[in-house]
Amino acid sequence: MGVYTGDWKLHLPEGAGAEELFKSFKEKAEALTVKVIRVDSKTNAEKAIIEEIKAANIKLAVGVPMTLVDALSIQESLKGDGIEFSLDLDRNLIEQAQFGVSQFDLGIAELGTIVQDAESVHKRLVSMLPPTHLAVISTKTIIETFADSLEVIEKVYNGEPSNFIAFVTGPSKTADIERVLTIGVHGPGRLIIVCVDE
Amino acid sequence: MPIDNAFKVRINKALNDSNLRGALGKFGDVFPESRANVYQGIDFEELRGIIARNKANAANNMEALVDQFEANIIKRGGQVHRAKDGNAVFQILKDIAKTRNAKKLVKSKSMASEEIHLNQHMEDTLQMVETDLGEWIIQQVNEKPSHMVMPAIHLSKEKCAEIFSQALGYKVEADIPNMVKLARKTLREHFMTADIGLSGCNIAVAETGTMCIFTNEGNARLTSSLPPVHVILVGYEKLAEKFSEIAPIAKALPKSATAQTLTSYLTMISGPAETLKDKEGPEIVKKELHVIFLDNGRRELLNDPIFKEAGQCIRCCSCLNVCPVYQLVGGHVFGHIYAGGIGSLLTGFFNSLQETDKVQEMCIGCGRCRDFCPGKIDIPNLILEMRNRVRKEIPLPGMQNFIVGSVLRNKGLFQFGLRQASWASAPFTTTGKDGNKYIRSLPFGFKKLTDWRSLPGFNSTPFREKIKSIKQEVTNKKGKVAFFGGCVIDYAYPEIGESLVRVLNKVGFEVVYPEQTCCGAPASYMGRPDVAKEIAMQNLQHFANDEFDYIVSACPTCTVALKEKWPKLLEGNQENKAIADVVAEKTLDFIKLMHTLKKAQGGAWNEVAATCDVACSAPIKVTYHDSCHLNRELGIKEEPREMLVAQSHLSFMEMEEADRCCGFGGSYCIKLPEISTELLNRKLRNIENSRAEVVAVDCPGCLMSLRGGLDTKKSNKRVLHCAQLLDGKY
Numbered sequence: 197m198g199v200y201t202g203d204w205k206l207h208l209p210e211g212a213g214a215e216e217l218f219k220s221f222k223e224k225a226e227a228l229t230v231k232v233i234r235v236d237s238k239t240n241a242e243k244a245i246i247e248e249i250k251a252a253n254i255k256l257a258v259g260v261p262m263t264l265v266d267a268l269s270i271q272e273s274l275k276g277d278g279i280e281f282s283l284d285l286d287r288n289l290i291e292q293a294q295f296g297v298s299q300f301d302l303g304i305a306e307l308g309t310i311v312q313d314a315e316s317v318h319k320r321l322v323s324m325l326p327p328t329h330l331a332v333i334s335t336k337t338i339i340e341t342f343a344d345s346l347e348v349i350e351k352v353y354n355g356e357p358s359n360f361i362a363f364v365t366g367p368s369k370t371a372d373i374e375r376v377l378t379i380g381v382h383g384p385g386r387l388i389i390v391c392v393d394e
Numbered sequence: 012m013p014i015d016n017a018f019k020v021r022i023n024k025a026l027n028d029s030n031l032r033g034a035l036g037k038f039g040d041v042f043p044e045s046r047a048n049v050y051q052g053i054d055f056e057e058l059r060g061i062i063a064r065n066k067a068n069a070a071n072n073m074e075a076l077v078d079q080f081e082a083n084i085i086k087r088g089g090q091v092h093r094a095k096d097g098n099a100v101f102q103i104l105k106d107i108a109k110t111r112n113a114k115k116l117v118k119s120k121s122m123a124s125e126e127i128h129l130n131q132h133m134e135d136t137l138q139m140v141e142t143d144l145g146e147w148i149i150q151q152v153n154e155k156p157s158h159m160v161m162p163a164i165h166l167s168k169e170k171c172a173e174i175f176s177q178a179l180g181y182k183v184e185a186d187i188p189n190m191v192k193l194a195r196k197t198l199r200e201h202f203m204t205a206d207i208g209l210s211g212c213n214i215a216v217a218e219t220g221t222m223c224i225f226t227n228e229g230n231a232r233l234t235s236s237l238p239p240v241h242v243i244l245v246g247y248e249k250l251a252e253k254f255s256e257i258a259p260i261a262k263a264l265p266k267s268a269t270a271q272t273l274t275s276y277l278t279m280i281s282g283p284a285e286t287l288k289d290k291e292g293p294e295i296v297k298k299e300l301h302v303i304f305l306d307n308g309r310r311e312l313l314n315d316p317i318f319k320e321a322g323q324c325i326r327c328c329s330c331l332n333v334c335p336v337y338q339l340v341g342g343h344v345f346g347h348i349y350a351g352g353i354g355s356l357l358t359g360f361f362n363s364l365q366e367t368d369k370v371q372e373m374c375i376g377c378g379r380c381r382d383f384c385p386g387k388i389d390i391p392n393l394i395l396e397m398r399n400r401v402r403k404e405i406p407l408p409g410m411q412n413f414i415v416g417s418v419l420r421n422k423g424l425f426q427f428g429l430r431q432a433s434w435a436s437a438p439f440t441t442t443g444k445d446g447n448k449y450i451r452s453l454p455f456g457f458k459k460l461t462d463w464r465s466l467p468g469f470n471s472t473p474f475r476e477k478i479k480s481i482k483q484e485v486t487n488k489k490g491k492v493a494f495f496g497g498c499v500i501d502y503a504y505p506e507i508g509e510s511l512v513r514v515l516n517k518v519g520f521e522v523v524y525p526e527q528t529c530c531g532a533p534a535s536y537m538g539r540p541d542v543a544k545e546i547a548m549q550n551l552q553h554f555a556n557d558e559f560d561y562i563v564s565a566c567p568t569c570t571v572a573l574k575e576k577w578p579k580l581l582e583g584n585q586e587n588k589a590i591a592d593v594v595a596e597k598t599l600d601f602i603k604l605m606h607t608l609k610k611a612q613g614g615a616w617n618e619v620a621a622t623c624d625v626a627c628s629a630p631i632k633v634t635y636h637d638s639c640h641l642n643r644e645l646g647i648k649e650e651p652r653e654m655l656v657a658q659s660h661l662s663f664m665e666m667e668e669a670d671r672c673c674g675f676g677g678s679y680c681i682k683l684p685e686i687s688t689e690l691l692n693r694k695l696r697n698i699e700n701s702r703a704e705v706v707a708v709d710c711p712g713c714l715m716s717l718r719g720g721l722d723t724k725k726s727n728k729r730v731l732h733c734a735q736l737l738d739g740k741y
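So the sequence lines, in the order shown, correspond to chains A and B.
According to this note's numbering, the first sequence holds residues 197 to 394 in order.
According to this note's numbering, the second sequence holds residues 12 to 741 in order.
The hints are simulated quantities; they were obtained by calculation from the structure and are not laboratory data.
Heads up, a few of these hints could be off.
Which chain B residues face chain A? A few, computed with CB under 8 Å, are given here [as the list claims (entries may be wrong)]:
hint	residue
1	ARG232
2	ALA284
3	MET548
The C-beta atom is built at its ideal place from N, Cα and C for all residues, glycine as well.
Take these sequences, add in the hints, and give me the full structure.
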C-alpha cells in the first residue's frame, strides 16, 4: 500500500519555487488557456477563489478539504452572495456543480502541469466532473522538470507511489473531429490555478 | 494472396475519397512543422536513444519484469491476469462481469482491445461503450480505427453529424463544438451508470507496479474513477523496468503523437484507489482492480532476434503522420487494426502473416518514418524482413515469381531480356522535348505502365558495349575505379555512364567495367532474399580485385545493395562475407566519391565541371531532388548540394519538399502505379513551382520517373544526373 509519508514540500529539489520557475509555469499554463492567479497569502487566496466563483455566475460549487485555504471561510462568504459552496461530498451533487475546487501538490514549470495525489475519490471527482476546475497550489512547490516530479514522487512515497497520481496539463480537449481543437470534452473545459506564496 | 484486384478497388476508393484525402493531406502537411516546434531545444537523437535502450532492455527481461510487476500489484490488493490471446481476455472479463452482475462497461482508448475485437465478443455479456470521442463515433457505424491516435480522422464533420443524428435520434448539425458538447452529455450518463471501466495503458513500470495512461479528453480519468471496477489491458511490450523511465516516454510521446508538450491528463495508477460503493457511495471502498497482460503474439515478437525492435514502439504514430503513402489512402487500406508501416509489422505478429500480406506491400521504402520514430525502429527494413517471411508462406503470383525466381537469377536470360526490350519497344519510341527517347504509350495490357508517365526508350547499345570503345585519357593517374553500372544506366541511360567515365578520368581515375549483372535489389524488395543472395554471389568475385581503389555506382539503390545488403545476405558463409565486406568498404555512390576526392584536394569542386556543351550566357538554374536511398539510407544529403553550389555556371536553388519520395520505388511503380502516380504528381508540382530549369538527381530510377512525368505533362524542365552536370552536359 502506498503510504503517504508526509508533505510533498519536504522532498522538493533545491531551487523549487524560484521566481523564474513560476514565470515559466505561468507562461506554459496560459498558453494552454489556463488562468493563473498568484496571491501572497491564505486570505488573498480565499478572496481570489471567492471572486472566481462569483464571476462564474453559478449557483453551486463544490470543494474538498484543503490545507492552503480554509474552505469553510469560503463557504461562509459565498453564502452571503446566494452561492452554495458545498463541502458535502456526494457524487450526484458534484456532478450537478458547475465549479470544483481542489488542492494540488506540485507544479511543473517546463510544462505548466499540476500534480496531485488523487487516492481520494472525492478529490478526483471534484476536479473531473464540473465544467470548471480551480486548483490551488503553493508557489513553493513549483519545480522545473517532469523528471524532477518523478523523483519527488519516489521520495514522498519511498519508492511506492500512491495508488492514483494525477498530472493535469491544461483543460480537457479533443481534436477527434477533423483535427479541430475543441476544449472541454469529458473533463473541465476551464482550468484556473491559484498559486499561493505560502 | 498478394495485392489483387479487390485490394486495388479499395485503394482506388480511398484515392477518390476527397474527405479522406483532404483530412490526411492537411494533417500530413502541418504535422512535421508543429512537431519540430514542440521539439525545439531537445536532442531528439539522444532522447530516442534512451527510449530504444530502455525498451530493448525491458524486452530482454520481459518475464522477470512481468513477475515483478505482478507482485507489486498483488501486494496492493489488485489482481493480475495473463491472457494468451483474445479468447482468454473475453473469459476473464466475462468472469468479472458475472461476479459483479455487471451490465455496462465504459471503455477508454485501448488499441489492444481493438486488436482482439473485444466489443464484438463481449456484446452478449455487457453493453460496451467507447468513450473516446473518435472511438465512440466509429463504434456507432461499426468501423475500425483508421489511425491509432486519431481513430476517426477519415470522417468529415458532416459525416460525423450524420452519425450523431442517427445515434441520438434527432437532427444534429455539423457544428464541432456542439457535437463535442453532446458527446460529453451522452457519455457522462454512461460513466455514471457503468459497472466496469476498461482502459489501455501506455507504460507499465515493473519496479513500482505503476500504469501510465495518457489522454486529452479525460475519459480515462472517468473510466478509472467512476465505475467500482477498473480493468486495464496491457500489452507485454508496454513494460518498463524503472519508474524514472516514464520521463523519456512522457517527453517524446505527446510531442511525436500530436505535437503537444504533454497530454492534458497523465494518470498513474499503482494499485486499487478509493471508489464509491455501488457507484454512488456515500460509503468509500477500495476499487476492484484487474490488470490483464495480453500476449497475442507479443512474446514471440519480443523474443524474435530481428523483430523485437518493433517492440520499441510507443504508439505515437508519427510514422503514419509522415508516411507519403498513408497520407494518400489512410489506415483502412494501409493497415489492418494497427495502421501504416509499424502496423504492418505488429499485424504480422498480433494477427497473422495473411493479414499483413497486402498491408506490408503498401510501403514504398522511402524511409521517412525512420527519421521520426522516437523508438528508433528501422521500420522500412523490418518491413522488408516481414516481406521475406510473408513470401515464404504466400508466394508471388506466377508471372512475378517467374521473373524474380528465374529471369533475374539467370544472368544470361536477364540480359537477353533487356536487349530484346530495346527492339521490341522501338516502334513505340518517340523523341521528347529534351531530346531524349520516350515510350509514351504501350498497347494491350501494358497501357497502365505509360498512361501516367512516359517510359525511357531502351538504348540499342548498352553501356557494357559502349565502354569498350571509350578512349580513356587519364593524365596524372591516381588509380583505378570499378564501375557498377546497374540495369537502368546500362540499358536505358548509358550516357550517364559515359559522363561518369569522363568526370572520373578528369580527376585521375581510370574506370573499368567488370562483368556484372543486376545488384539483387529487385529480388530483395520483392521478398526473395534467396535470389538476391545468388545474384550477389554472381557479382562478387568480379569486384573483389585489389587493383580497384574504389567501387563506384551512380545508382543509390545499387550502392545500398553493394554497401549494405550483400554483406548481410552472405552472412552464412565466412569466406564470401569477408569478400563482401571488402567490396562494401570500397563502394561509394558517385556523388559521395566525387565529394570525397575533391575534399581531399582542398574542396576545389568547381574545377570538376567541363565547360558547357552549349553556350550558356547566364548561370543555369538548377534544383536538387533527393533520392530516398541516397538521403535516408546512405545519409548523403549535403554532398550533392555542396557540389552543385560550387559550380560557377550553375545557380542552385532548393525546391519545396526536395526529400519527398518521387513515387518510383523500383518495382513499386509497377505493383502500385495508382500510388506512384499520386506521389509523382506532387513531386512534379514542386518542380514546376520552383524557378529551376534543371532538376539534378543522383538516382537513375528517380530520373526515369521525373523525366517520364515531365514528358507526359509537356514540361520544359529537364532532369539530369549529377554525373552529367559535372560533365557539363546540359
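Hint check results:
no. : hint   : in the structure
1   : ARG232 : 5 Å, holds
2   : ALA284 : 4 Å, holds
3   : MET548 : 51 Å, violated
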